[in-house]
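Undergrad: The lines below spell out each chain.
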Amino acid sequence: QKEVEQNSGPLSVPEGAIASLNCTYSDRGSQSFFWYRQYSGKSPELIMFIYSNGDKEDGRFTAQLNKASQYVSLLIRDSQPSDSATYLCAFTPEGDYKLSFGAGTTVTVRA
Amino acid sequence: GAVVSQHPSRVICKSGTSVKIECRSLDFQATTMFWYRQFPKKSLMLMATSNEGSKATYEQGVEKDKFLINHASLTLSTLTVTSAHPEDSSFYICSASGPGAHTEAFFGQGTRLTVV
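For the protein sequence lines, the chains are V and C, in the order given. Note that the first sequence covers residues -14 to 96 in the numbering used here. Note that the second sequence covers residues 273 to 388 in the numbering used here.
To be clear, the hints were calculated from the coordinates, so they are not data collected in a lab. Errors might be hidden in some of the hints.
Stated by the list, open to error - The calculated DSS-like cross-link candidates involving lysine-lysine, where the alpha carbons are at most 25 Å apart (straight line), are: (1) 83/V <-> 286/C; (2) 52/V <-> 338/C; (3) 313/C <-> 27/V; (4) 338/C <-> 83/V; (5) 41/V <-> 313/C.
What the hints assert, rightly or not - Residues from chain C that face chain V, not an exhaustive set, calculated with beta carbons under 8 Å: (6) 283; (7) 285; (8) 300; (9) 301; (10) 325; (11) 357; (12) 358; (13) 360; (14) 361; (15) 381.
What the hints assert, rightly or not - Far from chain V, some chain C residues (derived; all Cβ distances over 12 Å): (16) 284; (17) 318; (18) 327; (19) 340; (20) 348; (21) 367; (22) 376; (23) 377.
Using N, Cα and C, we set each Cβ at its ideal position, and we do this for glycine too.
Model the full structure from these sequences, guided by the hints.
TA: Laid out in structure tokens, this is it:
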């Protein structure tokens, strides 16, 4: 079983819509959760991190964490063409700094 | 956020030669650095973890004699791809993190290696 599963995509949404990305993880001891955005040919850039159950909002992005269900999601509101990228979820296991990445979900925002 | 600088951004080398990639943390002390490789349309694969002043810990299946990692200071780690072959062509990315729990990792710009 893979450590991190992401909805495979690709995901296409119209401009202005909400893009919803999901990620499940298998390690119940996981401590920290991250969402990265990666443009083609570039390295990942951190969008958000979340440690506690519940929602965390930053601008148009909202991360949701449910540790009981081992589930983390990312909502992108008012999607823009510049949001078109691959989104990677990642987590660090308890007591470790190593990031385990999901396979990524490619999002395309149609103008 | 903190800045991690990776150099070079692109390199083309001949088969059999060695290539060194540098990863520097510019404004913080990176006690731990990670090296990843990424094939087209695939996710990042962790190759090794290096802690300053100690030997790197390699992930299963990664040849430590082929991918030499040095982390001699709190601001610099290097990855040397020795005797490179075309199948080593990939996107190599470093990341660095500082001390403490919940410490986010900051990524370098990545290095596109092409072995011809």
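Undergrad: Could you run down the list of hints and mark each one as holding or not?
TA: Comparing the hints with the structure gives:
Of the pairs offered as hints, the one joining residue 83/V and residue 286/C is violated, with about 32 Å between alpha carbons and a cut-off of 25 Å exceeded. For the hint pairing residue 52/V with residue 338/C, the CA-to-CA distance comes to about 39 Å; that exceeds 25 Å, so the pair is violated. About 12 Å separates the Cα atoms of residue 313/C and residue 27/V, which keeps this hinted pair within 25 Å; it holds. Proximity of residue 338/C to residue 83/V is assessed by CA-CA distance (about 22 Å); at most 25 Å being required, the pair is judged to hold.
Between residue 41/V and residue 313/C the alpha-carbon distance is near 29 Å, which puts this suggested pair outside the 25 Å criterion. At about 15 Å, the closest approach between the beta carbon of residue 283/C and any beta carbon in chain V exceeds 8 Å, and the interface hint on this residue is violated. A least Cβ separation of about 19 Å between residue 285/C and chain V goes past the 8 Å threshold, and the interface hint is therefore violated. Interface restraint check: residue 300/C against chain V, minimum CB-CB distance 14 Å, threshold 8 Å, status violated.
Interface hint at residue 301/C: violated, since its Cβ lies 14 Å from the closest Cβ of chain V, which is beyond the 8 Å cut-off. Because the closest C-beta pair between residue 325/C and chain V is about 16 Å apart, greater than 8 Å, the hint is violated. The criterion of a C-beta within 8 Å of any C-beta in chain V is not met by residue 357/C, whose closest approach is roughly 22 Å, and the hint is violated. Taking 8 Å as the C-beta cut-off, the interface hint given for residue 358/C is violated, the closest approach to chain V being about 19 Å.
For residue 360/C, the interface hint is violated, the least distance from its beta-carbon to any beta-carbon of chain V being 18 Å, above 8 Å. Interface hint at residue 361/C: violated, since its Cβ lies 14 Å from the closest Cβ of chain V, which is beyond the 8 Å cut-off. Interface hint status for residue 381/C: upheld, as the beta-carbon distance to the closest one in chain V is roughly 6 Å, under 8 Å. With a cut of 12 Å on Cβ distances, residue 284/C stays outside the contact zone with chain V, its closest approach being about 15 Å.
Not every C-beta of chain V lies more than 12 Å from that of residue 318/C, the closest at about 6 Å, which undercuts listing it as non-interface. No beta-carbon of chain V is positioned within 12 Å of the beta-carbon of residue 327/C; the least distance is around 16 Å. Every beta carbon of chain V lies more than 12 Å from that of residue 340/C, the smallest distance being close to 20 Å; the non-interface claim holds. With a cut of 12 Å on Cβ distances, residue 348/C stays outside the contact zone with chain V, its closest approach being about 18 Å.
The beta carbon of residue 367/C is not kept farther than 12 Å from every beta carbon of chain V, the shortest such distance being approximately 7 Å. At roughly 6 Å, the least C-beta separation between residue 376/C and chain V is not larger than 12 Å, which violates its mark as non-interface. Once the 12 Å rule is applied to beta carbons, residue 377/C is inconsistent with being away from chain V; the minimum gap is 6 Å.
Hint compliance for this structure: hints 1, 2, 5, 6, 7, 8, 9, 10, 11, 12, 13, 14, 17, 21, 22 and 23 are broken, all remaining hints hold.
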